[in-house]
Amino acid sequence: MATQIVMDHTGDTRHYFNPDDAEALVKAEVRFKELTGLGFTAAVRVSSGEVSKIRSFDPSAEETLFFPRLVGG
Amino acid sequence: MVLFRQYPKAEVRSRAKAVRWLYRKFLAQNTEEGRGLRLMRDWLSPRQREQFDGTGYFDVVGCVTGRKYRIYHNVLPPNVFEVDDAGRRKVGLCFAPVGPLVKGDVMLAQKIALETDEQSALAAANRIPLTRARR
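Taken in order, these protein sequences are the chains called A and B. Count the first sequence with my numbering and you get residues 883 to 955, in order. Count the second sequence with my numbering and you get residues 29 to 163, in order.
The hints are simulated quantities; they were obtained by calculation from the structure and are not laboratory data. One or more of the hints may lead you astray.
As the list claims (entries may be wrong) - Here are the simulated lysine-lysine pairs, BS3-like style, with alpha carbons at most 25 Å apart:
| id | chain 1 | residue 1 | chain 2 | residue 2 |
| --- | --- | --- | --- | --- |
| 1 | B | Lys45 | B | Lys131 |
| 2 | B | Lys118 | B | Lys131 |
| 3 | B | Lys131 | A | Lys935 |
| 4 | B | Lys96 | B | Lys118 |
| 5 | B | Lys96 | A | Lys935 |
| 6 | A | Lys915 | A | Lys935 |
Chain A on its own, in the form it takes in the complex (with noise of 0.2 Å):
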């Protein structure tokens, strides 16, 4: 399974999915395209603690992790 992990005021939304399953990844790359398009940044793990932004969805990773915007405070 892998899952996106949407930062909200819970803590998170999680939404899993079968990266094996066509259909499934359809939705997810959607999910992806909408939350980035909403200006949440979108990164994943590629080794122990190191993180990589990435800008297109990646059907390989585990575990995406989405941001809201970044403003001053």
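Given the coordinates of chain A, work out where chain B should sit on it, guided by the hints.
The following block gives chain B in isolation, referenced to the frame of chain A:
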């Protein structure tokens, strides 16, 4: 002299123990704050996780400049500081993801931003001189 050398060490040990106890308590709770902290810890490097568990903050290195930043948990904004090699604060940086997020989420977003897109994070951040930054 012996007393002077022993007392601070004891205080430091006691403070570190209190911090560890506090975070274990938070992490065990199935609350928004607990979930946010668990998510953040999962995405920290082993070194950052160890540092956070012992002190309540962790250090990150900017991907472009190589500067070191320290991200704190329980402080009033700004909770991010640029620090020198000795860990002394140089300037506060006030930035966060938009919307009502829990602290663990905010800290994780700040870490990822500085480690993967430092220039955008710095462009968004308001720089707070140390004279105005509170602890």
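Comparing the hints with the structure gives:
1. Taking the CA atoms of lysine 45 (chain B) and lysine 131 (chain B), the gap is about 21 Å. The hint holds against a cut of 25 Å.
2. Between lysine 118 (chain B) and lysine 131 (chain B) the alpha-carbon distance is near 23 Å, which keeps this suggested pair within the 25 Å criterion.
3. At most 25 Å may separate the alpha-carbon atoms for a hinted pair to count; lysine 131 (chain B) and lysine 935 (chain A) meet this at roughly 21 Å.
4. Between lysine 96 (chain B) and lysine 118 (chain B), the direct Cα distance comes to roughly 10 Å. Compliance with the 25 Å bound is thereby established for this hinted pair.
5. This hinted pair checks out: lysine 96 (chain B) and lysine 935 (chain A) have alpha carbons roughly 19 Å apart, not beyond 25 Å.
6. About 14 Å separates the Cα atoms of lysine 915 (chain A) and lysine 935 (chain A), which keeps this hinted pair within 25 Å; it holds.
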